[in-house]
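Protein chains in written order, with my numbering: chain A, 3 to 404; chain B, 5 to 86; chain C, 3 to 936.
Simulated from the structure, these hints should not be mistaken for lab results. The C-beta atom is built at its ideal place from N, Cα and C for all residues, glycine as well. Warning: the hint list may mix true and false statements.
[Stated by the list, open to error] Just a sample of chain B residues kept apart from chain A, beta carbon distances all over 10 Å, derived:
hint	residue
1	GLU52
2	VAL54
3	TRP68
[Stated by the list, open to error] Ranges between beta-carbon positions, derived for each pair:
hint	chain 1	residue 1	chain 2	residue 2	range
4	B	ARG29	A	GLY204	25 to 35 Å
5	B	THR76	C	GLY825	14 to 24 Å
6	A	ARG206	B	PRO31	38 to 48 Å
7	C	ASP818	B	THR76	22 to 32 Å
8	C	GLY732	B	PRO31	51 to 61 Å
9	C	ASP656	A	ARG206	49 to 59 Å
10	C	ASP656	A	ALA382	33 to 43 Å
11	A	ALA382	C	GLU520	37 to 47 Å
12	A	GLY238	C	GLN227	57 to 67 Å
13	B	PRO31	C	GLU118	51 to 61 Å
14	A	ASP87	C	THR367	53 to 63 Å
15	C	ASP133	B	VAL54	34 to 44 Å
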Amino acid sequence: MNEFVERQMKLTWRPPKKSYDVVIVGAGGHGLATAYYLATRHGMSNVAVFERGYIGGGNSGRNTTIIRANYGIPAAVRFYQRSVDLYRGLEEETGRWLMHQQKGILWMAHSQAAVRAERMRAKLNTEFGAQTEWVEPRQVRELCPELDIEGGGRWPVLGASYHPQGATARHDRVVWALAEGAMERGAHVHQNTPVEGLVLDGERVTGVRTAAGDVAAGAVVSAVGGHVSRIAAMAGLRLPIRTHRLQAFVTNHYQQQFGPIVASSELFFYASQTARGEMLLGAEIDPQPSFSYRSSHDFVQDVCRRALCLLPFMSNLRVLRQWTGVCDMSPDYSPIMGQTGVNGFYLTTGWGTWGFKAIPAGGEQMAELIATGEVPELIAPFGLDRFARDRTMADRGSAGTH
Amino acid sequence: MSLRIPCPTCGDRSVHEFVHGEIRRVPDHLTDPDERDLDFAFNHDNEEGVVAERWFHAQGCRRWFEIRRDTTTDRIVEAEES
Amino acid sequence: MATLLVDGQQVGAQAGDSLLVAMLRTGLHPTGGGCLCLGGDCPNCLVTVDGVAYTRCCQVPARDGMVVRRDLLGGEEPTLLPDESLSAGKAAPVRHVHCDTVVIGKGDSGREAAREARNADLSVVTLDARDGQHVTGVYPGPLVVASDQAGRVLHVHPRREIVVATGAAEIQPVVPGSDLEGLVTARAAAELVAAGIDLGHAVVVGERPAGLPEGTLAKHFPIGQDSWELLRFEGDGRVEAVVVRRQGDADATEERIESDTAVLGLGRNPRNALARMASDLPVRAVGSAAAEPDLPPCPTEGTVCPCSGVTVADLDDVWERGFHEMELLKRATLAGTGTCQGGVCLPYLRSFLLERGGRLQPAFTARPLNRQLTVRELAAGAHTAVTARSPLHDEHLSLGARMDRAGGWWRPWTYGRKDDEYRSVRERVSLGDVSSLGKMAISGPDAEAFLERIVPTKVATIRPGRCRYVLMLDERAYLLDDGMLCREADQDGGDRFFLTSTSGGSGFFELWLRDWAEAFGCDVRILNQTASLAAINVTGPQAARLLARAGAGELPSFGRHRQVRIAGVDCRVVRLSFTGELSYELHHPAADARTLWRRLLAAGAGFNVQPHGLETLLRLRLEKGHIVIGQDTDYDSTPRRLAHEWAVNLNKGDFVGRQALLRTNKLPLDKRLVALRVEEPPAGQAGDPSAEGAAIHDGERYAGYVTSDAGTAAGGGAPMLGWLYLDPEGNLPRDVTVDGRAARRVDGPIYDPEGARARAAVDIVSESPENVREFPLARPEATDLADEAPTGPPRLRRLEATRVSATTAALDAVVDDSPWPAGALAFRTASDELLVTATPDFEVAGDPHAIVEPETAFSYVWLDEATAERFLDRECEWRRPNARRALAQGEVAGIPAKLWFEAGRTLILVPAPFAAVFERRLTGSLGETDGGAP
């Protein structure tokens with residue numbers, strides 16, 4: 003039996019009840035993590051997660067699995083560092099093999115403006131507890147000997163910021179471990195059960211409407227990815243969200259030889275080798291809002307072209323598979339977490355292209371909010387009300403790439 | 005190529021030749037000027053389905069035009085269909 | 003006879019052999035076992051060919067000299083890194099093909115579909131794996147991507163329909179022993195026999211292959227109801243016996259038949275992935291590709307997915323663990339995620355889930371790539387973004403400049419004399435190339451009203467001949483860009499303005515202006531002159547003297563602009579200052595830039611003039627506290643946060659961002675961009691921005707970070723800019739620390755706080771009366787487009803032209819009238835814009851607000867029709883017009899181009915900032931061999 007299967011999780015499906023303390027819409031990483039931390043940290047297990055498809059079938063299963071904390075604003079560095087730390091303990095905590103590998107991220111600079119930006123990133127990260135340092139081309143070559151430091155003569159690497167805590171984990175296994183942990187403590191997960199409406203009592207959300215009937219809830223949390231505007235509209239909210247495609251692809255499987263994650267903001271791509279040996283490449287979101295899961299050729303074409311500038315060893319690798327997720331983008335490239343102004347209705351959204359790395363911290367903090375009724379300090383800056391308060395969280399460290 | 009955008013001046017071109025723009029809408033029920041402005045500045049319908057939108061043909065005629073596109077499939081809806 | 007090397011062993015191949023057949027002739031199995039299909043559907047013949055791993059050797063013709071490694075033989079994965087290190091990875095050549103219908107597959111159904119389409123007068127392209135055309139995907143566009151044997155990649159763009167006629171794959175065996183050598187599918191058996199390969203004692207299970215000579219097969223066991231079921235294969239490495247039993251009778255005796263080869267006709271699975279991955283495109287599956295798949299019996303033992311090594315026991319295991327959905331089964335076992343993308347396992351996963359769950363689940367999602375192309379093949383036709391070049395690019399290089407990408411342009415970062423570059427500005431005079439600034443001419447009846455609505459300053463008070471610094475805000479009142487707005491001296495046709503943006507904003511500038519002009523319904527003409535005009539900043543205490551020596555008669559005073567002929571070149575001279583010194587910005591036709599630059603350097607020789615690079619400019623402006631958009635500003639930078647309230651007039655009427663300013667001004671301020679002075683900066687070279695990003699502390703409180711630092715200033719101490727957060731009482735601290743060093747917030751610029759140097763009064767005549775002399779007008783290589791013969795190697799040349807922005811009706815009239823020399827061409831680039839290949843010696847009578855400007859910043863090349871076709875088939879992915887004397891605009895070789903098609907020849911126009919790269923791509927593309935393919 004192969005190891006991947008042998009060390010698999012156990013999922014337990016139960017019939018839905020008429021009423022729960024908390025109903026979470028969306029059984030992706032964030033929804034399941036919220037259920038997991040409600041159960042493990044707050045003893046709340048009368049919780050149901052409703053999923054229109056199968057668990058982890060949205061962006062949780064369509065991302066590029068990168069975990070990092072080298073963001074560009076203090077609040078984000080603190081938040082993502084919490085997530086990096088939780089991820090590091092998650093295998094031990096859940097007793098499950100998540101294929102977590104710490105490998106470090108090199109963020110390449112090819113221009114003086116980028117050199118300045120990466121140096122600034124390093125300083126800001128260090129100030130707020132994330133390890134990031136500026137490295138010179140010579141050190142870049144040591145950390146990633148496969149990289150053409152001359153950039154084919156056109157995109158020379160002038161240095162990079164290096165974030166040694168950068169890591170990857172197997173996306174599906176993270177989702178399943180959280181699902182298993184929540185389920186074994188009594189939480190329910192209902193697949194193939196789309197939420198079609200919210201039950202409102204005056205100004206308060208008191209449950210959800212599904213094809214199988216209404217389900218009462220003390221609190222309703224939207225943790226959906228890709229369709230949050232539709233769920234929010236059920237509560238009468240219009241959100242600062244637009245949904246865009248994000249594409250990625252992998253090559254065939256090769257021996258483990260490529261160490262770090264490498265990224266270039268100017269060439270707009272990033273690459274790493276997965277635990278299974280595939281080279282995995284991603285880039286920025288598609289420019290137009292879209293809910294289509296269709297992959298396009300120009301994406302793989304452009305990213306291959308850019309990757310060849312820095313990673314010419316990839317020339318003869320074969321590309322195996324492309325895929326697409328749809329990302330909810332906020333105007334300031336930061337997540338939106340917390341209360342909504344509608345009683346009983348909570349949001350965790352705006353996960354754009356950085357949702358996977360935030361799964362444990364996002365779930366932990368949302369669980370604390372719901373369990374205690376108090377907004378945790380770590381996510382207070384990320385509330386929906388920040389736009390009205392003119393306290394947007396513009397983050398250059400997240401813009402453009404994963 | 006990828007998605008093709010029909011420029012009325014130049015013809016069908018790859019989406020990469022264009023810049024996307026939105027036709028903004030503020031809900032009628034908002035009467036407070038600050039509330040209207042906030043909604044105008046930040047919020048989106050983010051509709052799933054056929055939407056009217058603007059595109060600027062940056063690599064061609066360098067003009068804006070309006071089309072209708074189904075955001076669930078990216079299909080461009082011809083004028084006579086809508 | 004071809005000879006190739008397999009794992010170092012010489013292998014002979016006969017004419018027409020695939021690599022697989024050649025290997026089987028020699029008795030070599032490519033992967034050591036597993037049923038061979040010869041149809042490209044299974045993962046059992048993957049080898050490394052000439053360094054490319056995961057090559058299906060049944061799909062590759064054997065060629066002399068091929069070097070083959072059986073990398074998967076030992077169960078290890080191929081190595082990631084090639085034997086030789088590579089640099090400058092190159093993309094494969096591309097060929098764009100336009101048609102009405104593309105038919106994938108040349109079998110009976112494919113040929114029939116192609117015939118039908120041709121009978122309907124449609125142009126048809128057919129692709130077939132047997133001709134080496136492996137289709138990797140059907141994509142939006144629509145676009146069909148295929149490799150071909152010439153090492154080229156085909157991009158087929160069908161206008162109407164994609165027909166998938168790819169036939170069906172054969173179902174593979176999933177029983178114990180299915181990884182042995184000596185197993186082939188029924189179709190494969192027929193092909194191998196036809197190729198003269200002896201199957202030995204061959205036993206058939208299932209459907210008997212068609213067309214085999216009598217006596218080839220020893221024994222035949224049909225499968226299914228009232229028939230036989232396949233139990234296992236026995237053997238050690240190679241099949242020795244096939245074991246079958248009467249169907250549905252567990253008590254029946256097993257029959258063990260000794261065999262050299264097991265031939266397996268287990269049913270068909272349509273090859274419909276190309277159709278399934280494109281369900282929203284005009285795609286149609288025909289023939290057996292459209293048939294319902296056969297469902298094999300639920301497997302009980304053996305390997306289901308050879309790519310990922312998934313067994314039936316694995317499926318059982320995850321089923322028990324609650325993974326019941328097709329997608330979850332796939333993700334939990336990794337079945338179907340290998341090279342064959344479910345080619346082997348999918349039918350069995352379906353029968354497994356049907357048996358366990360009582361529900362037939364659909365196939366998992368089909369995703370590209372259907373056939374795995376290499377990274378260099380997939381990159382075919384792509385280009386990295388082009389960095390624009392100033393008309394002075396080569397001048398900078400010849401002066402030893404290190405060029406840097408900044409805001410989409412190549413800029414001189416330093417000329418290698420950092421200290422002297424700085425001193426030449428502060429003490430003498432210096433030249434800076436600011437050609438990359440965005441530049442717009444704006445006129446029309448609503449020009450002033452329009453500008454009032456898009457900039458927060460009061461435009462009405464900018465008198466003719468004056469200029470002013472302006473902010474550009476978005477509807478959130480966040481700063482997008484800044485620039486200067488000049489109102490022209492009185493014009494006959496009414497108001498006309500010249501507006502600049504930063505270099506980084508120049509790409510966004512025009513679309514932003516046009517967007518708002520349309521939103522407000524303003525009647526304006528807008529002409530983008532960013533590339534048309536070069537600009538040189540002459541800055542330093544001796545700037546006026548230098549210009550006088552270069553023949554300038556009268557120069558504008560501070561805050562003004564005027565047309566002045568300098569060194570024989572007509573310039574708009576704008577007097578504002580970014581460096582803090584006396585500065586004149588000389589905007590002039592791009593074609594004259596080199597002449598002007600050289601003459602200014604010559605005229606300044608006596609002042610020891612030096613050019614300065616961007617690095618020095620960033621230091622100079624920092625000493626003046628001037629912000630740099632994008633470096634000091636952030637997404638949420640309101641004028642209030644930037645301490646730029648002085649550039650906003652809230653009482654002048656509505657403008658973009660005004661309501662947001664009123665809204666946000668009611669909220670407490672949280673942070674402000676401030677100038678700081680660090681008295682004892684860390685030791686370091688002047689100009690080293692080592693404190694950028696450093697934390698600012700107010701006592702123990704984190705209070706922000708430094709955005710700009712340029713090291714020690716001339717007078718000691720380091721000026722910096724940074725974001726400073728207000729304290730809980732709402733005050734901005736005065737004394738803070740930066741990286742632990744004491745710093746003080748300062749209220750004005752550190753250098754020349756009164757601004758006396760920039761605003762100095764200059765009397766140019768009295769400054770240098772002896773030097774006012776005439777310079778000849780000297781523009782290089784003027785060309786006459788009409789005379790150009792399409793011969794010789796293609797070289798881009800500069801075009802002398804005119805651009806016009808006017809009403810549609812006025813342009814219609816002027817085109818009818820054609821008041822330019824015969825032979826000149828007039829291109830209608832937009833309904834309200836015209837490009838004429840003649841000098842601007844004509845009037846646009848129908849529009850008093852028309853903007854008619856010389857345009858010297860296009861380069862052109864004529865190509866004869868065949869050369870143009872060859873080039874454009876590779877570098878232009880969109881459909882070109884069939885008509886002659888037709889204009890087309892769009893991206894060619896990754897660069898915005900205009901094409902003019904005449905009978906027998908084609909004109910290509912590209913903007914000068916991209917001309918050098920375009921010429922390189924043109925030459926490279928024409929020099930590329932095609933590999934002799936059709």
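(message) Just to be sure I understand the hint, the distance between the Cβ atoms of ASP818 of chain C and THR76 of chain B should be within 22 to 32 Å; is that true here?
(response) Violated: the Cβ-Cβ distance is about 46 Å, outside 22 to 32 Å.
(message) Holds or violated: the 14 to 24 Å window for the beta-carbon distance between THR76 of chain B and GLY825 of chain C?
(response) At 52 Å between Cβs, range violated.
(message) 33 to 43 Å was suggested as the range; check whether the CB atoms of ASP656 of chain C and ALA382 of chain A agree with it.
(response) holds, 35 Å
(request) Starting from the hint 51 to 61 Å, judge whether the C-beta atoms of GLY732 of chain C and PRO31 of chain B obey it. (result) Check failed, 34 Å falls outside 51 to 61 Å.
(message) Is the claim that TRP68 of chain B lies outside the interface with chain A correct, judged by CB distances over 10 Å?
(response) TRP68 of chain B clear of chain A: closest Cβ-Cβ about 14 Å, beyond 10 Å.
(request) Quick one: work out the minimum CB distance from VAL54 of chain B to chain A and report holds if it exceeds 10 Å, violated otherwise. (result) The claim stands: VAL54 of chain B keeps its Cβ more than 10 Å from every Cβ of chain A (closest is about 12 Å).
(request) For ALA382 of chain A and GLU520 of chain C, compare the CB-CB distance with the range 37 to 47 Å and indicate the outcome. (result) Once the Cβ atoms are compared, 41 Å apart, the range 37 to 47 Å for GLU520 of chain C and ALA382 of chain A holds.
(request) May I ask you to test the hint 25 to 35 Å on the CB atoms belonging to ARG29 of chain B and GLY204 of chain A? (result) Holds, at about 27 Å.
(message) If I take the minimum Cβ distance from GLU52 of chain B to any residue of chain A, is it greater than 10 Å?
(response) violated, 5 Å
(message) If I claimed the Cβ atoms of ASP133 of chain C and VAL54 of chain B lie 34 to 44 Å apart, would that claim hold in this structure?
(response) At roughly 41 Å between Cβ atoms, VAL54 of chain B and ASP133 of chain C fall inside 34 to 44 Å, so the hint holds.
(request) Could you check the hint for me, namely that GLY238 of chain A and GLN227 of chain C are 57 to 67 Å apart, CB to CB? (result) Taking Cβ atoms as reference, GLY238 of chain A and GLN227 of chain C lie about 60 Å apart, which means the hint holds.
(message) Can you tell me whether the CB distance of ASP87 of chain A to THR367 of chain C sits inside 53 to 63 Å?
(response) Violated, at about 35 Å.
The structure shown violates the earlier hints numbered 1, 5, 6, 7, 8, 9 and 14.
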